[in-house]
Structures are given as C-alpha cells and as structure tokens.
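J.: Please take these sequences and the hints and turn them into a complete structure.
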Amino acid sequence: MERRGVRRHQRIRSTSISTGLVVLVLVVLALVVTGSPGWPRVRETFFNGEDARAVFPDVLGGFWINVKLFMICEVAILALGLAVALARTARSPWLAPVRVAAVVYTDLFRGIPTILLILMLGFGVPALQLQGLPTDELFWAGVALVLSYGAYVAEVYRAGIDSIHPSQVASAEALGLSHPQALRHVVVPQGVRRVVPPLLNDFVSLQKDTALVSVVAVFDAVFAARDYTAYNFNYTPYVVVACFFIVLTVPLARFTDWLSRRWMERERAGQL
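Residues 1 to 272 in the working numbering are what the sequence shown spells out, letter by letter.
Mixed in with the good hints, there may be bad ones.
What the hints assert, rightly or not - Derived CB-CB ranges, DEER-like: (1) D107 - T19: 41 to 49 Å; (2) S163 - D136: 37 to 45 Å; (3) D162 - E50: 50 to 58 Å; (4) F56 - A96: 53 to 61 Å.
What the hints contain is simulated information worked out from the structure, not anything from laboratory work. Heads up, the beta-carbon is just placed ideally off N, CA and C, and yes, glycines get one too.
T.: Spelled out as structure tokens, the structure:
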C-alpha cells in the first residue's frame, strides 16, 4: 500500500509539472503573438467575429458533405484495400495476373498525388460524356479518394497479414482447413486486428483530405469559405473551417492513441 501511495504521488507530481510547463509555454506564445506589431491586422483578417458568424451556416452545410463523403469512402476503402492485400499475398501461379494487377495498382495510385487524381477524375471523366456513367463531380472526387487511399490501406493490411507466423497457417491446415479457409478464419482476423491503429491514422488523414474535393467545384466547407473570402477579402472563414476539422479529427486521433496503448499492453501481457 505504501508503494502504491508513493507511485500515485509521483504520477500526480509529474502530471502537475507537465501541465504547468505546457500552460506556461502557451501563455508565453500567446503574449508574443498578441504583442507583435502586426497582430491587430492579423486579428481583423483571420479572427473577425462578424465574418465568422456570417459564414458559419454555409460552412456548416458544406461540412456535412465532407462528413458524408468520409463515411462512404471509409467503407469502400476498407473493402478495396483488403481485396488488394489478399491479391498481393496470393501464392497460386493461377493468380499471377491478379497479383501483378494488385502490384501495379498500389504502385500507381500511391505515386499520384491525391489532388491530381481528384482533378483528373472529377473533370476528366464527366468530360468524356460516356453513357451510363455519372457526371457528378462529387461522385468522381469520392472515387479518386477511394482509389488513392485504397492503395495505402492495402499495404497496411498486407503488413498485418504478413506479420502472422507461417506456423499458424500450417497448424490450421493440419486441422483440415484449406489454405483459403486458413486465411479467412485464422490469418486475416489476426492481421486486421493488428493494423487497426494504423488504419485509424489513415482515416484521420482521409477526413482532412475530403477538403480537396473543393478543387472540382464541390460546394463543401472549403469551397464555401473560399467563396466568402473571394467576395469579402477576409480569411476568417478558413479558420472556421479549420476549427470544424479539428473538432472532428482530434477525438479520432486520441481514440487511435488509446487503442494503440491498449494493444501494446495486451501484447506485453501476452508475452509474460
């Protein structure tokens, strides 16, 4: 009991010191910024309360487009990434064309900047005027995000699958499971569970990158802010948009950190 009390006291003391230092640094930074000669002009240009209230409804309406796009793309990316990862880990000679296609896909779409992909699909595909294909820029911007992030997520999945020891596949096959059944019931569930934290990190980035759809004239939060700024010559709307994204991404980032710590604790407990 005495040892626990000492440890608790040390944790409280360490937390208090850390908190005090952080607050001190923030106060000093705030004083330096607000005391600079150009602060009044910056405050009027970037932190104007009247402009923030005026643009808030339009930014809020546009931000729901970003949120819905994120939710839809997230599901599609998870499915596409897993399919590509399984194709890359296939060892059958009959699946060589599928494996090569998966390699080409990941190399190609990881090499193209996401914003260029959105521009090419968002403007290029509707310009083809092909019958049966959607012409909505938002749809093709979403497809571009799925293709871009699907390549990254596929590599994350593949790393998780490759981290499973081959002895587990051998054990599953010794119990009478075929190789596809061993992948489905043994390898993939464990591999996916191991890469959940990195996947969440990718989705934090995806949430921010939904703002790129504004380059193809989709009226999302960034486009609403840019439209207001073009007519009023004030950059406060961009700060408002940044606050919206922070409110959404910071809790997801903290959840990712918590999940990573929990996974590490479980791994250490399993090794004891």
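J.: Hint by hint, note whether the structure agrees.
T.: Here is how each hint holds up against the structure:
no. : hint                    : in the structure
1   : D107 - T19: 41 to 49 Å  : 46 Å, holds
2   : S163 - D136: 37 to 45 Å : 40 Å, holds
3   : D162 - E50: 50 to 58 Å  : 56 Å, holds
4   : F56 - A96: 53 to 61 Å   : 55 Å, holds
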